[in-house]
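Following the hints, complete the assembly by docking chain A onto the known chain U.
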Amino acid sequence: MDGSHAPKQIEGLEVNKLADGYIIYEANRDRVHYLNHTAVLVLEMCNGNVKADEIPRLLKQAYDLAEPPTAEVAECLDKLRDEGLIR
Amino acid sequence: MLERSIQLLACEFHVSTDAEPVVRWLDGVRPSAVQDHPVLHRHRLEVRREADGYRVREDGQDRGVMADPGEAGALVERRLHELAFGALAERTKIHAGCATWKGRRFLVVGQGRAGKTTLMTKLLVEGFSVEGDEMVLLRDGRVVAYPRRFGIRRRTLALVPEVGALVPHLSGPPDSDEPDGYQILALDPSQLGLPWHIGSGPVDVLFLLDRRHQGPTRATACPDHVMVQGIMAQSNPPSTGRAAWVRDVCTVVRGAAGYLLTLGDLDTAVSAVRQCLEAPAVNA
Numbered sequence: 002m003d004g005s006h007a008p009k010q011i012e013g014l015e016v017n018k019l020a021d022g023y024i025i026y027e028a029n030r031d032r033v034h035y036l037n038h039t040a041v042l043v044l045e046m047c048n049g050n051v052k053a054d055e056i057p058r059l060l061k062q063a064y065d066l067a068e069p070p071t072a073e074v075a076e077c078l079d080k081l082r083d084e085g086l087i088r
Numbered sequence: 531m532l533e534r535s536i537q538l539l540a541c542e543f544h545v546s547t548d549a550e551p552v553v554r555w556l557d558g559v560r561p562s563a564v565q566d567h568p569v570l571h572r573h574r575l576e577v578r579r580e581a582d583g584y585r586v587r588e589d590g591q592d593r594g595v596m597a598d599p600g601e602a603g604a605l606v607e608r609r610l611h612e613l614a615f616g617a618l619a620e621r622t623k624i625h626a627g628c629a630t631w632k633g634r635r636f637l638v639v640g641q642g643r644a645g646k647t648t649l650m651t652k653l654l655v656e657g658f659s660v661e662g663d664e665m666v667l668l669r670d671g672r673v674v675a676y677p678r679r680f681g682i683r684r685r686t687l688a689l690v691p692e693v694g695a696l697v698p699h700l701s702g703p704p705d706s707d708e709p710d711g712y713q714i715l716a717l718d719p720s721q722l723g724l725p726w727h728i729g730s731g732p733v734d735v736l737f738l739l740d741r742r743h744q745g746p747t748r749a750t751a752c753p754d755h756v757m758v759q760g761i762m763a764q765s766n767p768p769s770t771g772r773a774a775w776v777r778d779v780c781t782v783v784r785g786a787a788g789y790l791l792t793l794g795d796l797d798t799a800v801s802a803v804r805q806c807l808e809a810p811a812v813n814a
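Note that the protein sequences, when read in sequence, are chains U and A.
Just so you know, we're using the numbering used here here: the first sequence kicks off at 2 and counts up by one.
Just so you know, we're using the numbering used here here: the second sequence kicks off at 531 and counts up by one.
One chain only, chain U, in its complex shape (with noise of 0.2 Å):
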């Protein structure tokens, strides 16, 4: 994914809350999906706004994390962009 891209999640996403993750049900295309608690930090983060590149940093300082985990956010997004979850 283009670092300079803003990533935004598509429409009609339900999402319910589980202990160990989320249950997001896609309405288009009558699909229910499980993501971990690390997987919903970044689809909320894709809301058009955020850059691709900005994530990993955004997450470094809300998480206080040693590092930026830069290798994960990009490995998610493209799980999410392979779900058809963001665009």
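Just so you know, not all the hints are guaranteed correct.
Label-pair ranges, simulated between beta-carbon atoms [claimed, not checked]: (1) H611/A x K18/U: 33 to 43 Å; (2) D795/A x R32/U: 13 to 23 Å; (3) R32/U x D670/A: 22 to 32 Å; (4) A597/A x D21/U: 49 to 59 Å.
For the record, the hints were derived by calculation from the structure and aren't laboratory data.
Each residue gets a CB set at the ideal place from its N, CA and C atoms; glycine is no exception.
The following block gives chain A in isolation, referenced to the frame of chain U:
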């Protein structure tokens, strides 16, 4: 005229007939359960003997002529269930047994022939308040068992001999375990001298039947997302749509402790279920 009143949750049915075999059929399948659910719809069904068979009417509408009383009884039974389910179509239907023990409500979810009925029958004779063996209706985190007699196989009678001893007329040689052929016996807890009360409420503990094995039964904590997946595989969406289905299932999972139950021998299954129900409650 012979008459029967039958409540199936939101529906109350008044059935009248001049054919005694039809009443015998209905008496063999109607549940004696006392139900808390308010009656919202009332229907009248009638079976009349005629020259060419048995005419069935439903709320004054002709439903056809059946060749014999067994067919007429089967049609009436089918319509009772269709109307009862139709009246609560906005609820998610889950293949699950439902019971309470010391005030805690639990579900045993599993596919057909996973051992639900056998386990629920064993729990029944062990003093649990078993409300249903097969189907529950869910909405907004609250469940109610669908009132249906327990569909036990003769094989279950061998596994739960207490039942066979109390209802010897149901006993007989076990059927073969061929996938195409076994007899379902419609067991009413009252036949065992046990009360049958169907309430409703939130679920405290969920058991997902994992698989069967020969050893002792094991209960292990089940991650929520696995439980959601397991329940969705064993349920049907409500008429309000699939988003509501996912929401319903997530709500009930969120409020309950979840366990995978690897079903082995039934005595250890009872102990495992009790142990899980005695564990501290999960906050929704």
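> Failing hints, ascending?
Replying inline: 2
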